[in-house]
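**Q** Residue numbers (our numbering), protein chains in the order written: chain A, 1 to 484; chain B, 1001 to 1540.
Please keep in mind that the hints were generated in silico from the structure rather than gathered at the bench. Don't take each hint at face value.
For lysine-lysine, the following DSBU-like pairs were computed, each having C-alpha atoms within a straight-line distance of at most 30 Å [stated by the list, open to error]:
id	chain 1	residue 1	chain 2	residue 2
1	A	Lys-157	A	Lys-28
2	B	Lys-1306	B	Lys-1102
3	B	Lys-1102	A	Lys-372
4	A	Lys-372	A	Lys-157
5	B	Lys-1434	B	Lys-1199
6	A	Lys-372	B	Lys-1199
7	B	Lys-1199	B	Lys-1441
8	A	Lys-372	B	Lys-1521
9	A	Lys-356	A	Lys-372
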Amino acid sequence: MNTMLADILLVSPMIALFLFSLIPLSIKVLRGNVEQSPTATIIIGLIGLFLTAGLLIVFGGSGKTAFNGQLVFDGLTQWMGLIAVMAAGGSMVLMYENPATRGRQFSELIFLAMNSIVGMLILVSAVDLITVFIGLELMSLALYLMIAMSHEQKISKEAAIKYFVLGSFASAIFLYGVSFIFGSAGTINILDLMENASILVKTNKVFMFGIAFVTLGFCFKVSIAPFHAWTPDVYQGAPTPVTSFMATAVKTVSFAAFLRVLATKPLIGSENLFLVLQWFAVITMTLGNVAALVQTNLKRTLAYSSISHSGYILVGAITAGISQNSAFAASSVVFYLLGYSLMTFGAFAIVSLIEKNEGHSIQTEDLAGFAKNQPLLAFCFAIFLLSLAGIPPLLGFFGKFYLFSAAVSEGLLWLALWGVLNSAIGVYYYLRPIVVMYMHEGDCDVSDERHFGTTTTIVIAALLIIVLGLASGPLFNSIEMALM
Amino acid sequence: MLSALIFLPIVFAIVMAVWPQKNTVRHLALGFSLIQFALSLVMLSRFDSSTAALQMVEQTAWIQRFGISYFLGIDGISVMLVMLTTFLVPIIILGSWNSIDKQVKGFHAALFVLQAAMLGSFLSMDAILFYVFWELSLVPMYFIVGIWGGSRRIYATLKFFIYTMTGSMLMLLAIIFMMRLTPEVTGGAISASLLDFYKLNIPFVAGEFLTPQTLLFFAFAIAFAIKVPMFPLHTWLPDAHVEAPTPGSVVLAGVMLKMGTYCFLRWVIPLFPEAAEHYAWIFIALGVIGIIYGALVAMVQPDVKKLVAYSSVSHMGYILVGLFVMNQYGVNGALYQMLNHGISTGALFLLIGMIYERTHSREISKYGGLASVMPYFTIAFVIVTMSSIAVPLTNGFVGEFLILLGSYVYSPVVAVFSVTGVVLGAAYMLWMVKRVFFGPKGELVRGSGNDSSDGHGHGAVITHANHDVHDAHAADHHPLLDLSTREVVVLVPLIIMIFWMGIFPNHFMDFSKASVDYLVKNKMDYSIPLSANAAQAQEK
């Protein structure tokens, strides 16, 4: 009984979030399917998120396991969960103020978003591959609907179908891999696998297939080339707040689960797998950056940029996988994801604001004159882009620094070299929006109505990028302490 | 003290950005920059020039996990460059009084951030801190060229940014690599302190390329050579110079290029002495090629600003040669020449800016006979030209003489080739002076002058409507008016410096001599000693 209670306390963040997600939906049903004020919905949603974050801080990092070792609540769960909740909360504010998502179905959208976050929290805490799958599916199913729900853009339906079909395919491959692992190892608990995985890797081909399939499933979710093809289309087609949700929170938690599989070292001895992953990282970085160079649509540029960042993060995940002391490399990944989420969220938030005014999807050229009309927002956008490009002393630079330091210390010099060269390519397309904003004449502006919440989140994100960049030492230390 | 020097401009920049009154922005900026200059003079008065030690050290841990600290210090190598930076900024602000007429607040804020970043990179003694400032300096410069520059400004500014960024990315990787080596000398902990880097003994095998020291040497050297810029990595410079607004060109030529050469002296030579010595010939050869190539290309330029830009390539070639001959004369001369080039090329760009404000043209062929219309301007221009071509009694002579002496000691062949640069330099500069100031009046000069007729200049004047009321009024009637009081105030300090540094070089060289001599003597086993109180500060 007591253990049961302890387990429930541990999963209280998920329970709280789920209960809160029911409130706006229930109100709507009780009022006879009449949409209540979106303001009430978003306030309830944000209170739920704050509560979840609080519970996660209190119960999340104890290192305990729940439900017969299916869920673990350690530093990784806590940090990745908090990053995801933060990014998702910001994206929900965007949903509230973007006409593409705020509408007659806003309470359903928030319900879905919050349940998607429940899935994320399961995903970051799961150590059992089936539970990982449940988390992944809960998160994704809600997401498919969120993408399709935009009532303005037809293109979002196409994006949703594309994502749904390919996503289901990837899930199936993942599940197939899990069955292989279960068949060969007799367990699907990652922590149990550790004990005899290194032998199985060498002796059992079926096990190796299983691991490979699971890895591919993850590669799809975090858009690692050559499994990235859905990313630009879906990111472009989805309503911008949902894109921001996907690019930040979803990517963070998917990497968290990926990292857990890679970094808990069931795979030591499988050099081939890591070699393949290294090549994936190289291809992803190159492809993301080179493709971003030729994009004219701002959201598409950011989508390819997000692919290239997946490549950088994969370098960190590989380092965590092959190093003896994975806490250092793993914390560099967490740190990078924190920075990446903040700056990507900020960039999409700006896009969401401008898009509202322009009334159509925006090209980079449409930004002209933004700096003159909205100096503060343009400055924040410049901060986000420079941080994405890795200019010191912003958070993005320190993220890259830790990531590549970890890689160099594990002897992955060539990956670090490649990453660094790619960052130099990246500078070009990150600077272009700044060029257009500041140096071209135009009339890009933000419409007057309702953007207080978005502006606030943008300014907070920009401030965090500067402040956390300067205070990156203590921040990194606390992450590393939590992951030890 | 040093922190104040770096962070005061940042505070200034923030104040400028939020300053409510538009028409007092320039006065405020000028006041701030003078405060900054006064502060640097106080710093100079406390500087002990008799020792090679690192002084006024400030060190606090920043990112302990990686041994990165906030570590500032100043010695003879950096002190004069710091002074050059603080000296030029007020002049730049006064010099751009009329030429910057849009987003004045933003411009001055960017200028102060740039100043902070440049001072930071001169004063940092920690690799990562240095890298932060080094990269940070790109951003304001990028905006200065991109927003206030000429017609092809966006191309130029992107080229500038990406060139430099590519180089520095390699350097970042090299820094990370070196940090990984430091546990050898610190007894276990990683450190990014430059002093610990100096203690490293990085393996070097002569003739083999793939040794750590050689690779690290080239990673650093290429990053800095792009900034210098060394032939053949110089192509961003003429573009950036031509498109930059006058103040941008002055900062670029005056200080930013020196960041590259300074870093050779602070980083490359003491950190990788064997590799530097072994591969010095490459840099000397490219330096000499740069001298001659820059001069030859400068000679055929129709645009006077481009001419000066290529002359920069040529002059920076001298500095490279001086650095890499690695003897007392050469290095002292190179350091001195950095200051000279900052002052004389800075002055040239300011003068060109002044004439451009009046006529909106930089084409040499459209001028001619300017001397009779603008006599004082001509005098100033000729003096600066003399400094640029190293006529005795001007500062340029001292620097070039020392470099040539140093290169002769290294190898007479190098000296012979370098000397051709002096001749060519005199040729293109004097020819340009002749075509612009003397001879028959050109189309822009004709019809203007003191007798205010309806010439070409008139039409040009209407286009720059945002002049000061006073100046605009005057310029309306006399398009080619001689120097205004403001412009005289801008130029006089520079001209004073030209002669002061030319006649009494020891007043300036004494500050750096101890450090340079120490570096040259001990380059194989270099480590900057800490001054007594600095050592105490570090203990804490």
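**Q** Hints first: check each against the structure and report whether it holds.
**A** Verification of the supplied hints:
For the hint linking Lys-157/A to Lys-28/A, the alpha-carbon distance of about 25 Å falls within 30 Å, and the restraint holds. For a cut-off of 30 Å, the pair hint linking Lys-1306/B to Lys-1102/B stands: about 24 Å separates their Cα positions. A hinted pair counts as satisfied when its Cα atoms are at most 30 Å apart, and Lys-1102/B with Lys-372/A qualifies at roughly 11 Å. Annotation: proposed proximity of Lys-372/A to Lys-157/A is violated, straight-line Cα distance about 36 Å (limit 30 Å).
For the suggested pair Lys-1434/B and Lys-1199/B, the alpha carbons sit about 54 Å apart, so the restraint of at most 30 Å is broken. Our distance criterion of 30 Å between C-alpha atoms is broken by Lys-372/A and Lys-1199/B, whose separation comes to about 51 Å. With a C-alpha separation of about 63 Å, the suggested pair Lys-1199/B and Lys-1441/B falls outside the 30 Å cut-off, and the hint is violated. Annotation: proposed proximity of Lys-372/A to Lys-1521/B is violated, straight-line Cα distance about 55 Å (limit 30 Å).
Distance restraint check for Lys-356/A and Lys-372/A: the Cα-Cα separation of roughly 18 Å lies within the 30 Å cut-off, and the hinted pair is therefore satisfied.
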